[in-house]
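Sequences listed follow chains A and B, in order. Residues 0 to 64 in numbering that gives the first Met the number 0 are what the first sequence lists, from first letter to last. Residues 0 to 384 in numbering that gives the first Met the number 0 are what the second sequence lists, from first letter to last.
It should be emphasised that the hints constitute simulated quantities derived from the structure, not laboratory data. Do not take every clue at face value.
Every beta carbon over 10 Å from chain A, so not counted as near; a handful from chain B, in silico [stated by the list, open to error]:
| id | residue |
| --- | --- |
| 1 | Arg26 |
| 2 | Leu96 |
| 3 | Asp100 |
| 4 | Trp305 |
| 5 | Ile355 |
| 6 | Gly368 |
| 7 | Glu380 |
Which residues of chain B face chain A? A partial, calculated answer using Cβ under 10 Å [to be verified]:
| id | residue |
| --- | --- |
| 8 | Gly326 |
| 9 | Gly338 |
| 10 | Ile346 |
Where is the CB? At the ideal position from N, CA and C, for every residue including glycine.
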Amino acid sequence: MKSGWKIILLVVLIALMLGAVCIGVGAMTGADFTRIWATLDDRYHVDMYWQYITEVWALLQTELM
Amino acid sequence: MEVKVINKQKFLAELGRLLTFMYEEDRQTALAMYSKMFDDAVDEQALLQFLVSPTRQAVVLARSYDAKERKLQVHTQTREEEPDYSDYDGQFPPFILAIDDLQQDAAARGIFAPLEEQPAVDEDQFSLFDDAASQEAPAQESAPASAPQVISPAPPAYQESEAPLPEDDNAPAKDSVSEFADAVDAFLADFAIADGELVPNRNDRPEPPAEEPDGPVFDDQPFQLDKLPGQENISPPEPSLDGGEQLSLEPAPMPEEDELPQAEEEEEQIATVRKARVFPLILYIIVSIPITLLGVALLLIPTLLWLSLAVTFVSAGVLVLTAAFAGFTIFADLMIILGLAVILLAIGLLFTWLFIWFIGGAIAGLIRGVCHLGGKWCYKEVAVR
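Same shape as in the complex, but just chain A (with noise of 0.2 Å):
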């Protein structure tokens, strides 16, 4: 389990210093992130499950609260 654990956080920490490579060269190259957001809803429509995330969280409030 110990060298488990070694192993899985030496991945994690490569994939997490690659993807922030990754993002920073894209910010750096010129992304736009309303640009990526729009492709995604596109593609995911990813603005309406998050409008029906926080209605349910919102109501979930008002009746237990």
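Knowing the structure of chain A, use the given hints to seat chain B on it.
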């Protein structure tokens, strides 16, 4: 302790009973060779002291007996009326060589009657020639020229190959069986046969013969057995050897040497047996099962939480990764999406590992700890002889 008086008949009967691992033809041959040794011996007791015990000889033969090789040989000889050892790769089986070495060694010790009339030499005077291995004395006393004629017990089928052999000029020829036999001899000197079993000999065993300390001393180094001109047919089978070269035989390990003392020590050791204390055990089971179930249930909450988070992050990472190759055409946006996918997958991997750690580490550790605690509290060790 009872000392068993043994003679030729008892020795051969005991040896025949111990050689049941051999094929019948080989067993009869070996017994015939030993019987011939007794017939040729001047002093039967001296020969018995030299042979030490049937068990020792059985160990020597078992060490040199190759059952697989002999199986093939015996199967090929089933149609023949009597065993023919001459076709054993053109050589004799190793167990015959082992007995032959014993005979030569016994002849060298003067146990057998000389074939030709020689001036009576006191037995002590033989020791004068022991140190000078390259002298003429071994050639006269233990030379195979006389030994096969005096003690040759081999069947007629292979007697022709026992031509007179010149003695080695450097040292008396020994093979691994003889070396092993000396080691077994040292071990079995402390034991005697009583009722067919090997029993430890305390102080009532007679002293070993005086020639024993003067015998050749072997170290652990592999020794060389020079192949003599007339000995090509009686050397042990060695497939990797070329004709006319020296045989190098490694001394084999001796597993039988430590078995009997270990068995005695195990008998004398005091064993400990774990016995359950019934009432505390029942009480512990009644209390520990609900507590364990409660602990498992509590641990299942974070476990399932890690599982749900892991599923969420991994699936989000996969979706973002697939979107990166499907809907983005600008390089900068693609790098952002790839970076985001890698980060999501990394977090998902971390949560997956947390879930595995809770299942295999925390919950299994809790159950294992409860069982260990129960074993510690509810069992006691009782000494049993």
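Violations among the numbered hints, reported as their numbers in ascending order: 5
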